[in-house]
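Colleague: What follows is each chain in one-letter form.
4 protein chains.
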Amino acid sequence: MDDHTTLADLRQRVAEFNAARDWEQFHTPKDVSAAIAIEAAELMEHFLWRTDEQARAALQDEEKLAKVVDEMADVLLYTLVLANALDVDVSAAVMAKLERNEERFPAEEWRGRA
Amino acid sequence: MDDHTTLADLRQRVAEFNAARDWEQFHTPKDVSAAIAIEAAELMEHFLWRTDEQARAALQDEEKLAKVVDEMADVLLYTLVLANALDVDVSAAVMAKLERNEERFPAEEWRGRA
Amino acid sequence: MDDHTTLADLRQRVAEFNAARDWEQFHTPKDVSAAIAIEAAELMEHFLWRTDEQARAALQDEEKLAKVVDEMADVLLYTLVLANALDVDVSAAVMAKLERNEERFPAEEWRGRA
Amino acid sequence: MDDHTTLADLRQRVAEFNAARDWEQFHTPKDVSAAIAIEAAELMEHFLWRTDEQARAALQDEEKLAKVVDEMADVLLYTLVLANALDVDVSAAVMAKLERNEERFPAEEWRGRA
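Taken in sequence, the protein lines are chains A, B, C and D. According to the working numbering, the stretch in the first sequence is residues 1 to 114, in order. According to the working numbering, the stretch in the second sequence is residues 1 to 114, in order. According to the working numbering, the stretch in the third sequence is residues 1 to 114, in order. According to the working numbering, the stretch in the fourth sequence is residues 1 to 114, in order.
Treat the hints loosely; a few may be bogus.
No copy is singled out in the list; a pair is fine if it fits within one copy or between any two copies.
[Said to hold, decoys possible] Taking lysine to aspartate or glutamate and the EDC-like style, the derived pairs with C-alpha atoms no more than 16 Å apart in a straight line are: (1) K97 x D70; (2) K64 x D3; (3) K64 x E53; (4) K64 x D9.
The hints are simulated quantities; they were obtained by calculation from the structure and are not laboratory data. Please read these numbers as outputs of a predicted model, since none were measured by experiment.
Whenever a hint applies, use it, and build me the whole structure from the sequences.
Modeller: Given below as structure tokens:
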């Protein structure tokens, strides 16, 4: 679906879900940021105490992969909730960030360096 | 830009940035998840020790809002890096999650309840 | 118990627990740091979508307070695991940090300011 | 110092630092939990994009180790701030947690298993 789904489409869908529940009142930037951090921690938990090889192996298991994807969706969901609350364009924000990173990390200089 | 930018567009742009630097080798699910959590914490930091009112006031300041948007972009960037690494469709993941949440939290029952 | 329990006592108890399970092998600084972050997120979750007043009220409930204390204990436990893994003195680290903070934040200047 | 520093000593020192600045007013459980999570993320950041071997090597560098210890001290500091705010005994909390974990993870059964 990523090929034909715009950021506006996803944001609209998220906005409707929350409007139907009258949940926008809870979506202060402070709480939504905490929610993103909490979901990110749940995502991380899937890889805790595992080597990179063990993590990769676990992701071959469809059920485990589904759980990881589910946490990733939660991170994205709350990020879109924040974008809606702040009324900012996320595509523009990501593009602007990548442009700044192009300058900070010139490709020739940073190739292969973490 | 959100109106005409698809998730595939953004993912492609992120993928090109990383391919130009040969950085995909560092993007293990474990490290990318940690990166998302770190950026989420930096986002949270803007609201720390502030009441919701103070946070709202700070976001009226264009410079402070820009910093918050920048951290939000970082969270989104690394989430797309993870989607690329796992080769999963994020729109489908978000839509599926919202559908499950529709069932878990029926609108009539949950209206106005956190 | 805090009156007569030294940091060395607690660290020793944590070390014995892990030695009995041969778990030190998993306690890389990277994984233990992630574990601390995950437990901190679980702690935060108790206060999500709650105003400070609601959070305070919840902590009057003994069962809820016990859950919060339990997450706090987990954060502390993994911090002591990290101290053991790095073989550093945590009391000295905390004292040194407080001394630096005394200089960074002179009491007269910072009184009542976040 | 860990040998002769009690948890009460450290808590007292932290309490005095904050009282001198009249900072207890900011120490809601919600904000202190967020502060712990933020410091934990800063700790994690030292190990990001590094293999366990690279992390271990970095910790041989005294300056880098000092930074890691500094973040660890921050996690501990805020955990003690929370303990002071909630007025709970942290030694008792850690001991109780270890006892529960002894039952959940019998040593013979869990030896060497993450």
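Colleague: Please sort K64 with D9 into within, between, both or neither, judging by C-alpha distance up to 16 Å.
Modeller: neither (28 Å within a copy, 27 Å between copies)
Colleague: Measure nothing new, just compare the shortest in-copy and cross-copy C-alpha distances for K64 and E53 to 16 Å and report within, between, both or neither.
Modeller: within (15 Å within a copy, 27 Å between copies)
Colleague: When no copy is named, should K97 and D70 be tagged within, between, both, or neither for a Cα gap of at most 16 Å?
Modeller: Result: close only across copies, 7 Å inter versus 26 Å intra.
Colleague: How would you label the pair K64, D3 (within, between, both, or neither) given a Cα cut-off of 16 Å?
Modeller: neither (25 Å within a copy, 33 Å between copies)
When each numbered hint is compared with the structure, violations occur for hints 2 and 4.
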